[in-house]
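**Q** Protein chains in written order, with my numbering: chain B, 50 to 487; chain V, -3 to 478; chain P, 18 to 144.
Errors might be hidden in some of the hints.
As the list claims (entries may be wrong) - Straight-line distance between alpha carbons at most 35 Å, and here's what the computed DSBU-like set of lysine-lysine pairs gives:
| no. | chain 1 | residue 1 | chain 2 | residue 2 |
| --- | --- | --- | --- | --- |
| 1 | B | Lys345 | V | Lys448 |
| 2 | B | Lys345 | V | Lys446 |
| 3 | V | Lys392 | V | Lys367 |
| 4 | V | Lys47 | P | Lys28 |
| 5 | B | Lys217 | P | Lys103 |
| 6 | V | Lys446 | P | Lys80 |
| 7 | B | Lys201 | B | Lys345 |
| 8 | P | Lys103 | V | Lys448 |
| 9 | P | Lys80 | P | Lys65 |
| 10 | V | Lys446 | B | Lys363 |
| 11 | V | Lys291 | B | Lys217 |
Note that these hints are calculated values from the structure, not bench results.
One letter stands for each residue in the lines below.
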Amino acid sequence: MDYTPHTPQDLEAMLAKVGAKDLRDLFHDLPQDLIFPELDLPEPLTEAEMMRSLRELAAKNASAATSFLGGGLRAHYVPAAVVPLAARAEFISAYTPYQPEVSQGLLQAIFEYQTMISELTGLPVSNASLYDGSTALAEGVLLALRETGRNKVLVSQGVHPEYREVLKTYLDAIGAELEEIGLRDGKASSVQVSADVGVVVGANPNFLGAIENLAPLADAAHAAGALFVAVVDALSLAVLKTPGSYGADIAVGEGQPLGNAMAFGGPQFGFMAVRENLVRQLPGRLVAETSDVDGKRGYILTLQAREQYIRRGKAKSNVTTNAQLTALMGAVYLAALGPQGLEEVATRSVVNAHELAKRLTAIPGVRQVTPEPYFCEFVLELPKNPVQVRSELAGRGIHAAVPVPAEYGENLALFAATEVHTKKDLAGLEAALLEVLA
Amino acid sequence: MIAEKKEVNVESPLIFERSVPGRRGVRPPAVLEADLSALLGAENLRPEPPKLPEVDELTLVRHYTGLSRRQLGIDVAFYPLGSCTMKYNPKVHEAAVALFADLHPYQAPETAQGALQLMYELQRDLSEITGMDATTLQPAAGAHGELTGILMIRAYHDSRGEHAGRRLVLVPDSAHGSNPATASMAGYALKEIPSGPDGEVDLEALKRELGPHVAAIMLTNPNTLGLFERRIREIAEAAHAVGAQMYYDGANLNAIMGVARPGDMGFDVVHLNLHKTFTVPHGGGGPGSGPVGVKKHLEPFLPSPQVVQRGETYALDYNRPQSIGRVKSFYGNFGALVRAYAYIRMLGQEGIQKSAALAVLNANYLKELLKEQGYRVPFDRICMHEFVAQPPEGFKTLDIAKGLLEMGFHPPTVYFPLIVKEALMVEPTETETKETLETFAAAMGEILQKGKEWLEGAPYTTPVRRLDELQANRKPKLRWNL
Amino acid sequence: MDYPETLRYSKSHEWARQDGDMIAVGITDYAQDQLGDVVFVELPSVGKTVAAGNSIAVVESVKTASDIYAPVAGEVVEVNAALADKPELLNSSPFEDGWMFKIRPSQPGELDTLMSAAAYRQFVESQ
């Protein structure tokens, strides 16, 4: 079934009006030997049939709603109010708010979102969102290279390995040089920043979950005239120092912990906040407050001359569609929880993670690799192949032990705990891992 | 009582202005006994919590419900925004997505076989619809797909030792801005090709620019005037003769979805906007999804990982030594993929081809109606899914757009493409009824009757009227000051 | 539309004026009129060396951004700092307070290769 409303009478009248004898005739400008090919697609379904077939597909998946998986996305609870409010028909079915008089709802919501991200990061200017954490990092680094006019990037190995892969793709494209800062004892080692480096990137907490003091890295960057980018965990900013306070010029990260489903890896949203002087280098949309002809307060897209639909080949980025709806879910989430609720989610996640680490490291052969202090994720060395461990745990109904890439060491697995977990959940994983490793 | 000083008239308070210290909304599970200083290190803690809003749940609900009532979407009104394909987003897709919400990208693949199967089948179906040999689902939006596609072209030339010599990308002057922006991001120099008097790429001008220094031509077909490039095969032949690759910008695929396949016309790379052609909701500007299809010779360069079938099981294949690498973490905007998959399953070949044909019929019908109302159509022949019109002499497009807002419609895309002065780019899509098109055309006529003075003051009754853009640009206030 | 006689003009709508041993550069009345309200001016850094025709600055209005080209070769020795706070000077006083930067020319006589006021007026009117 399709969604076209045309009756046979409509068709007849409309074809007559446009002077076409049939629908095929509308395509007379096209190469006639190519049009209306036979497509190898399954037979069409009704709505009920399609939903049944999707339910069958979904039944081949196991829910990870209380999983202990981490590494960019985690199982946090999304309050029931978030999706119905953010996904209201008026929001979900709107385009980018180019006509501000009829888009005040989204524009105001984005202005509020920008304020919330600014509060979390301790930096004055947030854009309206980017695709995800990894692309926010890539765009942040490109921003810094534009600003400094340099061509070399130093990135800590503490940054998520997939983010670094994405960064490499973007940097290869413009011929910029990427060098890594290795980890020493689970944290970025101190580094000499040469004068050709345009940007230094650190992560807090890093991929191993460890909380790092990034101030020395930021200072080293600034001493060499480079900018500093911090990749941060959105939830951690409820309790940890802001990137703005330890010298970050640009803070980026993944917004999923803030009210977004894991959805097998997407969509969520990437956030980016910067110092005031970088505002004209920002990629993506920005909303500003202004007033209308009657003096009424309103909101509007601003500094559009940065963007591709005006600057074309000289735009700050090609980004157009971003992640507005998922960013709105983030904003609704933050407003739903408030500062105290967010702190409680963070605290319970931290406490659960530390209790889990204590339980799991008591198992013979298991060693904690992540140094103290750490947030709500940590890495363990297991006496057995983590891919196999993850599968055997899944066989017992528990999702845990993300295999960690070999660059960090052999037989490493990442664990996360969040506010959704109970003592029983923690004990359950402990018992299951004990069996699997026995 | 002393009245509070107000500089501007505030009709819609910010969520921060509704905030009251100590008020609470949603409560998370009980907090466990915790000493954060001990666990995280006192020196790592922020001295003050972030100043987030403190509201109860009903205030939260009223706030966002109130905002939504100050917002126009397709579910509210006709939204003929050219090149944006604002078609109906079926409600059942939201139910479909919810079935897959709680999957983690790193869970054991044997526990995510349904998700992987869906992705595998979608890769196959999108390849089939575009006439390509393989498709990646990783890019998060159209422009992201463009970058992915151009980087694959670059990797292909590089693999043949030709990258150093091919530094130029050609785009028509009618192209979307994202095309030149993408070519720049991929490190290419750009050359614009003029459009000829018929609104199509000037083939002779194109041939003059073609040579062994050209990496690719980026084309939108139908182009942004809504016209099908009739010389597409000659263009592709000329490009391939000098070793350049043909890139298809899928922004306008809705006109020919399943009716004519870019792969059959000679394109080597295609990106799709699932949020346009395949009904993923635009969400106020994303999230979208921008899969990229390629011909066989470009397949080795697809981003990693690809979903593959091994016997009875589906798996992620990371063993792709020639891949351009990753363009996004994980595997793409899976939620968007579920919607596109559901759409294709329900429509099948018949529904897909019919939808494209009716999108074209609706556009042509509306074009005739607008001509009757006095609008000019500079390239007047059977158009595809959209057409470009101009207001009658003496009227400004901006005013027409603002007048339409007053009539309850979202205006067409304005001042694009750049090659038509005072352009109104109209794309009605296939999901609109004949009556809606007629009502809209009548409104387009009525606003002309109301006259210039009325138009210059419009809109009048929208949540706000025309806004001061100068103020917003010179000293932009980008956040609320607490 | 003003076309001061004492200035020289480029086809990309910059004006240039001998100012001691330097050459002051700005955009013409016609250019500011075409751009509309200017909201931001991106100026070159002092010390930068440029060739004639190099893109050297950017002028942004609400809906456009235009590159400004160096009309003569040389070294940028001074920029108009007042434009950071008052970009609207380009609209209100394009030839005086709205000057953008000064170049110490490296090619003597290059200024004379630019259009005269009369030639520029004719060029604009033929556009």
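**Q** Indicate, hint by hint, whether the structure satisfies it.
**A** Checked hints:
Distance hint between Lys345(B) and Lys448(V) is fulfilled; the C-alpha atoms sit about 24 Å from each other, no more than 35 Å. Proposed proximity of Lys345(B) and Lys446(V) is supported: the alpha carbons are some 25 Å apart, at most 35 Å. Between the alpha carbons of Lys392(V) and Lys367(V) the distance comes to roughly 17 Å, so the proposed pair stays at or under 35 Å and holds. A threshold of 35 Å between alpha carbons decides the hint, and for Lys47(V) with Lys28(P) the separation of about 53 Å lies outside it, so the pair is violated.
A distance of roughly 40 Å separates the Cα atoms of Lys217(B) and Lys103(P); the hinted pair therefore is violated under the 35 Å criterion. Restraint check for Lys446(V) and Lys80(P): satisfied, since their Cα atoms lie roughly 28 Å apart, inside the 35 Å limit. For the hint linking Lys201(B) to Lys345(B), the alpha-carbon distance of about 47 Å lies beyond 35 Å, and the restraint is violated. Only pairs whose Cα atoms come within 35 Å are accepted, and Lys103(P) paired with Lys448(V) is accepted, the gap being roughly 33 Å.
Proposed proximity of Lys80(P) and Lys65(P) is supported: the alpha carbons are some 28 Å apart, at most 35 Å. Restraint check for Lys446(V) and Lys363(B): the C-alpha separation of about 41 Å exceeds 35 Å, so the hint is violated. Note on Lys291(V) and Lys217(B): the hinted pairing holds, with a Cα-Cα distance of about 25 Å set against a maximum of 35 Å.
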